Amino acid sequence: MKQVEQFMKELEEQEKAMENIRNKLALLPDLPGCYLMKNKDGTIIYVGKAKILKNRVRSYFTGSHNGKTQMLVSEIRDFEYIVTGSNMEALILENNLIKQHMPRYNVLLKDDKTYPYIKITNEAHPKLEVTRRVLKDKAKYFGPYPNAYAAQQTKKLLDRMYPLRKCNVMPKEVCLYYHIGQCMAPCVKEIPQSSYEEITHEITRFLSGGHEDIKKDLQRKMEAAAEELNFERAKELRDQIISIDAIMEKQKITTSDAKNRDVFGFAVDKGWMCVQILYMRQGKMIERHRSVFPFYGDPYSDFMSYVTQYYSDNPALPQEILLPAPDSEEDEDGPQLLQEWLGVKVRLPQRGLKKQMVSMAIDNAKVALDEKFRLIERNEERTSIAAENLGKIIGISSAHRIEAFDNSNIQGTNPVSAMVVFIDGKPAKKEYRKYKIRTVKGPDDYETMREVIRRRYERVLKENLEMPDLIVVDGGKGQISAAVDVLENELGLFIPVCGLVKDEKHKTAQLMVGDPPEPVSLPRDSQEFYLLQRIQDEVHRFAITFHREQRGKSMIASQLDAIPGVGEKRRKMLLKHFGSIKKIKEASVEDFRPLSIGEKLATQIIAALQDEES
0 MKQVEQFMKE
10 LEEQEKAMEN
20 IRNKLALLPD
30 LPGCYLMKNK
40 DGTIIYVGKA
50 KILKNRVRSY
60 FTGSHNGKTQ
70 MLVSEIRDFE
80 YIVTGSNMEA
90 LILENNLIKQ
100 HMPRYNVLLK
110 DDKTYPYIKI
120 TNEAHPKLEV
130 TRRVLKDKAK
140 YFGPYPNAYA
150 AQQTKKLLDR
160 MYPLRKCNVM
170 PKEVCLYYHI
180 GQCMAPCVKE
190 IPQSSYEEIT
200 HEITRFLSGG
210 HEDIKKDLQR
220 KMEAAAEELN
230 FERAKELRDQ
240 IISIDAIMEK
250 QKITTSDAKN
260 RDVFGFAVDK
270 GWMCVQILYM
280 RQGKMIERHR
290 SVFPFYGDPY
300 SDFMSYVTQY
310 YSDNPALPQE
320 ILLPAPDSEE
330 DEDGPQLLQE
340 WLGVKVRLPQ
350 RGLKKQMVSM
360 AIDNAKVALD
370 EKFRLIERNE
380 ERTSIAAENL
390 GKIIGISSAH
400 RIEAFDNSNI
410 QGTNPVSAMV
420 VFIDGKPAKK
430 EYRKYKIRTV
440 KGPDDYETMR
450 EVIRRRYERV
460 LKENLEMPDL
470 IVVDGGKGQI
480 SAAVDVLENE
490 LGLFIPVCGL
500 VKDEKHKTAQ
510 LMVGDPPEPV
520 SLPRDSQEFY
530 LLQRIQDEVH
540 RFAITFHREQ
550 RGKSMIASQL
560 DAIPGVGEKR
570 RKMLLKHFGS
580 IKKIKEASVE
590 DFRPLSIGEK
600 LATQIIAALQ
610 DEES
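Counting in numbering that gives the first Met the number 0, the sequence shown runs without a single skipped number right up to 613 at its last residue.
Bear in mind the hints are in silico, worked out from the structure with no lab data behind them. For clarity, every value in this text was computed on a predicted model and none was experimentally measured. Any given hint could be a false lead.
As the list claims (entries may be wrong) - Taking lysine-lysine and the DSS-like style, the derived pairs with C-alpha atoms no more than 25 angstroms apart in a straight line are:
no., residue 1, residue 2
1, Lys126, Lys155
2, Lys433, Lys391
3, Lys98, Lys155
4, Lys165, Lys188
As the list claims (entries may be wrong) - Computed beta-carbon distance windows for the label pairs:
no., residue 1, residue 2, range
5, Lys354, Lys15, 34 to 40 angstroms
6, Leu490, Ser587, 56 to 62 angstroms
7, Tyr445, Gln603, 40 to 46 angstroms
Idealized CB from N, CA, C, for every residue including glycine.
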């Protein structure tokens, strides 16, 4: 009955929310702005921008949507909107709101929020750094690089070629870098500003793509050193030329105008998006970067949201940005707004080499998505086959459903147990269960196993739940025998039970099956062994997490219960009001007044908790 009442109550609340939404939709203006979608808890779950708010927001509540968008719409219970003076303001506001609220249905740059740059510092004695923060400090920044390794390798080469200082704090005497010709030793010498300007100019030329000119200079210097019989210097210059070639060997495309460009392409499939960025420097493609993530809104709009966030976090801009053209008129203003905001050319090429570059980025995005789904399918197939083979090895017709148990009682305190369920080799997290041990005192693993097996399968019989094909216990002969005894002699169930024995490093080492239990030989590199390892790791993780929760609650209870005048009711009231022991400790006497706790008791509580901490 309670479930029916709850369902009817939720339905009534949903209807009320939809009535409110319909009323607000009728009042939407024909103006640009941003909209914020909220769920039943008032949490912002999606932020978008619109050229005409009325049209865009209404589109969510009319017509049909794909699965992912429908998931977003099904959670909307309210919305807000902010009118802006222009589409440009809407673009900037959307970007700021996404960063502020991190809505779950927006495209978020979680794994690529900052990219590495190479920096020439603005100091009396400049040096090279790899950094992820671009500051307004008059330093020179080059990048972004797609990963830290690419930036570090380039810096390593530049450190060998140009003798800027390497130390963070100026030493009192010369170091090894001076002796190997990689530092001019400003710690003991007066270095003219013109020398630094010349080196900075050379590094800038190199990082802006002038590799070939610098290679020719090095070639000339190498030949001159060889003629002077300075073979050590000639070898060093030759190594620098080889390093430049190694860094630049990844170039794929060359354009004739030697511009710095970022080329974007994207592809969508099964509710996922992949964005590919090709980095063109001095007309040459030197690197690429890809991001794969779920998306819930309009594909092109979410793609543009990604690009906007990318440049708001990576302000070292190229000279030109190439994007694929939008599919609908609704999205046509996105690239133009981006151009106005960044102050660089944003092009949507229709033909020629630039169109080929965008197509290349799109093709790479499609391949990356296809690869992702094929890997998932392959892993699922391998996992399913591993579960089937495991059944054959143990001697049962099917291992479709596996239930695994683990006990946790560090130093005998707060004993708990946990059960996880794997169906066709994959975890079914909704069916996991936690158990507080009721009847066993102290660390008795066998009796704990008996209690948990009894409680689980009494319930399975009582509620007519699905029986497992295999039960896995954490341990060897003793744990298996305890489980089998309860199943067969108390409950009349004949379910196969196997045990997983760990080695001295607490890793899955052996599978034991049968009555009496005997070891089963499984190759360590087999999919069946990997499956057992995953099951044991997962049930142990679940059990230990539950144990920590219980131990933490127990410690909090004991801390408060030890204070005279604080019973169970008052303890719960304190924790509900303050949220944690830490906040109670930091509270003032006045903060206790809303709980009807006087000055004397409040002082005792604070003093007792602070004494315990010290």
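Evaluation of the provided hints:
1. Of the supplied pair hints, the one linking Lys126 and Lys155 holds, its CA atoms being roughly 12 angstroms apart against a limit of 25 angstroms.
2. Pair hint Lys433 plus Lys391 does not hold up; C-alpha atoms about 30 angstroms apart against a cutoff of 25 angstroms.
3. Between Lys98 and Lys155 the alpha-carbon distance is near 34 angstroms, which puts this suggested pair outside the 25 angstroms criterion.
4. For the proposed pair Lys165 and Lys188, the alpha carbon gap of about 15 angstroms is at most 25 angstroms, so the pair holds.
5. One distance hint, 34 to 40 angstroms for the beta-carbon pair Lys354 and Lys15, is violated here, with the actual separation near 52 angstroms.
6. Evaluation of the 56 to 62 angstroms hint for Leu490 and Ser587 yields a pass: the beta carbon distance comes to about 57 angstroms.
7. Hint check: Tyr445 to Gln603, Cβ distance near 45 angstroms, so the stated range 40 to 46 angstroms holds.
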